[in-house]
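Working from the sequences, and respecting the hints, build out all of it.
Protein chains in written order, with this note's numbering: chain A, 1 to 358; chain B, 1 to 531.
It is worth saying that the hints were derived from the structure and are not from the lab. Hints are all accurate, no fakes.
Computed spacing ranges between beta-carbons, pair by pair:
{"#": "1", "chain 1": "B", "residue 1": "TRP425", "chain 2": "A", "residue 2": "PRO173", "range": "25 to 35 angstroms"}
{"#": "2", "chain 1": "A", "residue 1": "GLY127", "chain 2": "B", "residue 2": "TRP425", "range": "19 to 29 angstroms"}
{"#": "3", "chain 1": "B", "residue 1": "HIS239", "chain 2": "A", "residue 2": "THR207", "range": "24 to 34 angstroms"}
{"#": "4", "chain 1": "A", "residue 1": "VAL146", "chain 2": "B", "residue 2": "ASP382", "range": "48 to 58 angstroms"}
{"#": "5", "chain 1": "A", "residue 1": "ARG230", "chain 2": "B", "residue 2": "LEU142", "range": "31 to 41 angstroms"}
{"#": "6", "chain 1": "A", "residue 1": "ASN336", "chain 2": "B", "residue 2": "GLU141", "range": "53 to 63 angstroms"}
{"#": "7", "chain 1": "A", "residue 1": "PRO298", "chain 2": "B", "residue 2": "GLU50", "range": "40 to 50 angstroms"}
{"#": "8", "chain 1": "A", "residue 1": "GLN95", "chain 2": "B", "residue 2": "PHE264", "range": "46 to 56 angstroms"}
{"#": "9", "chain 1": "B", "residue 1": "SER380", "chain 2": "A", "residue 2": "VAL146", "range": "56 to 66 angstroms"}
{"#": "10", "chain 1": "A", "residue 1": "GLN95", "chain 2": "B", "residue 2": "GLU448", "range": "34 to 44 angstroms"}
{"#": "11", "chain 1": "B", "residue 1": "SER503", "chain 2": "A", "residue 2": "ARG124", "range": "22 to 32 angstroms"}
Here are the simulated lysine-lysine pairs, DSBU-like style, with alpha carbons at most 35 angstroms apart:
{"#": "12", "chain 1": "A", "residue 1": "LYS101", "chain 2": "B", "residue 2": "LYS432"}
{"#": "13", "chain 1": "A", "residue 1": "LYS280", "chain 2": "B", "residue 2": "LYS309"}
{"#": "14", "chain 1": "B", "residue 1": "LYS309", "chain 2": "B", "residue 2": "LYS84"}
Where a beta carbon is used, it is the ideal one built from N, C-alpha and C, also for glycine.
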Amino acid sequence: MNKTTLKQKSKKELLNIATELGIEGAASLTSANLIDAILVAMDVSSDGKPGTPRSLRLDDENLEVRGASKKFEVQDKRLFAEPEYPVDETRDLPQGYGDTKIVAMVRDPYWLFVYWEINHEKRRELGLLGADTSHLVLRVWDITGVSFNGFNASGHFDVNVNDITNNWYIQMPTPDRTWCIDLGVLTSDGSFVLIARSNSVLTPRDTLSDRIDEKPEWHTTTETATEMYRISGGYKVTELAGSESIGALLAQHLAANLSSGAVASSSNVPRKDEGGEKGKDFWLVVNTELIVYGATEPDAKVTLQGQPLKLRPDGTFSVRFALPDGEQIIPVHAVNADGDMEKQITPIVTRTTRVDIP
Amino acid sequence: MAKNTKGYLALVLHAHLPFVRHPEYEDFLEEDWLYEAITETYLPLLDVYEGLVRDGIDFRITMSLTPPLANMLADELLQNRYVKHIRDLIELAEKEVERTRWMSEFHETAKMYLEKFERCRYLFEEVYRKNLINGFKRFQELGKLEVITCGATHGFMPLMDLYPNAVRAQIQVARQDYERHFGRPPRGIWNGECGYYPGLETFLSEAGIRFFFVDSHGILHADRRPRYGVFAPLYCPNHVAAFGRDIESSKSVWSSEEGYPGDFNYREFYRDIGFDLDFEYIKPYIHESGLRTNTGIKYYRITGRTMYKEPYNRQRAMEMAAEHAGNFMFNREKQVEHLSAVMDNKIPIVVSPYDAELFGHWWYEGPDFLNFLLRKISTSSDTIELITPSEYLDRHPEQQTATPSLSSWGNRGYAEVWLNSTNDWIYRHLHKASERMNELANTYRDAEGLIRRALNQAARELLLAQSSDWAFIMKTNTMVEYAVKRTKDHINRFTDLYYAIKSGTIDESILTSLERKDNIFPDIDFRVYCD
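See below:
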């Protein structure tokens, strides 16, 4: 009996085992803690893998206490009293779910997306029929205006796909139609064997509707309709591209500056598209700062260039300045707490910058 | 009313961030999205509203606060982390004021940041008592702001339509969450990414929602033909109203080319001292790993399309914001004047939706622009009136009935951004999880205790996996790893719970840990997934 087999048992079964092993107070434990208690009592080390979202740090401690049920209770409470946030490793998602199906989704008036899955049983079945599943066929039915029964579509076209993929984008001949897609294979004699049928999907129209409101107050002539369409920016719809232009930029700079992943400096590194001559590019930035620091009696009053300075509790201070070209006269003036003694020291700093052009 | 109203303007700000809350780390980069948005967008907007109310300016604005954002704003851990964040920023700004003493070109800007950060801290801690929802609620109760909701986790509905229970849950959970925060049901909704498919309105109506928004072509390609284009809403056959986005006004703000935010006098986003200053100096204010990140202190203006940047001049930027607000209002006046000529006696409504985070975070002067705009329209426009969709429907209940067309405001107007080779792999898993959640809900409808907790958590994990943000991020091709991880983690957590529930092997400690980590929607009831 190991952890995996225990995990498949119901709580009732676990309780029975625990009782047999003489674990006291088992009824008050959660299933997970029960499993650990059982493993400890059986002297089997538990196999809590790192990375799985388990907060059962109990494991090690349990080994020490050997099935002492009271401890479990105490630890149980501790566990819930203190928030614990295990950092879980990301696991991959399954390749499939054991289904045989095809799902159609609308991307826009001109494209559909389909994804599918064919499970093992279905593949075996197809194999027995002599169907070669390495070549799949998407049969796209135009079922506009009908309740599709497999035979009453107004037309269809086929798209050949391979079995290496499990999804496909299908370009549609006309917007504003209802479609259904059959996933199938062609047998050696050329007949179509259906594997799965998709949901039906309606692609959106990409222009004004043909239907005109019959109520007089909403009636439109072709002129008024096209004029309102124009004023509403109907001909610019694709041009504006929604929130994308800034939305994407926003996401990009957020990303560039905030991602937990590798981050490139986005600000002081020139970007290729921003000015500069074509071809080679090189740059250099040099700045200077000045730190003025010192110390005096902790209760003294100090000013720097006439402005009060904050002293640390031990009487030391330091201030940092961006230092531009030119001369800085920096009188530091201190007066003792009684106000009857003072000192002044004045550093004078000059910065000049030379740009050497080789 | 003194105005001779010729047209309405409905400004709509969509405030949204994905649920990014990582108690398992001390310092988690993606949480900075929230802190930056609070400092640069949410608090400045609230402060604008405060000022307008104080000055007796009548204004109307609509904002969606998405459930993930509302949950983060109401979360104690994140609230306290923000307090630390803003205090650190104040400390940095104090040093900056000192450091720039001899550089007059930066000194004034440094003082501006210090003042703004101190104001943020004051508003956050003392006025709104750490919960910004209190602020939004206040302006809603004053009748100035209409807060609407959004799908529970900003799910992209057109790609969820095969699973009606999943769609219903997105809407119902959002409605319940809204009630928890605002004490009344929402009247309207911003569907994530402005995504709509015919039939969605059924679920909106079930939740008592009166209106939603679609992109322009959602209205223009409606069945039947819309008489008034995007300048009047349409009622779906079940009487839920759809408002269409106006392209002209959107463009003036959105477009990175022609839009106001690109003006050379505005603050440059990409020059942040987090990247520009000496490493040892800036280290305490960037990520604890030493990774350079934005601090929010930036000293330059856009200047031009060059690498060379000139110092930011706040006063000049404010002048531009005022000028742009005037230009925006002038253009709307011209627009409605022209519209009323072709719309018979109908008063047009111009609906201008934007991402809220655009204002302040991306376009630093955005909140000031809004401030100028709201003031100008209220006090000096004879023809434009600000309105919320609810008010508009109350005043003009007679509207055309037609079903909008499938659409979104993403690139090219449909589902391509969320369904392409970078992210299409997620849907088989999202669909399977939706199907399984439905199965669980039907099977364990009357569950109590631990099983019920596990079912509720499974619902949370599914909802979190459905955030459209993950697919969007995968498409933008940056930070993809995080989006992939989030998708996989939530699906895996869901699947583990699914099997644990079905096999009767729920591990309470694991469950508790998940409940604490993914603690969105504390009051969720999984039965929303029942048939």
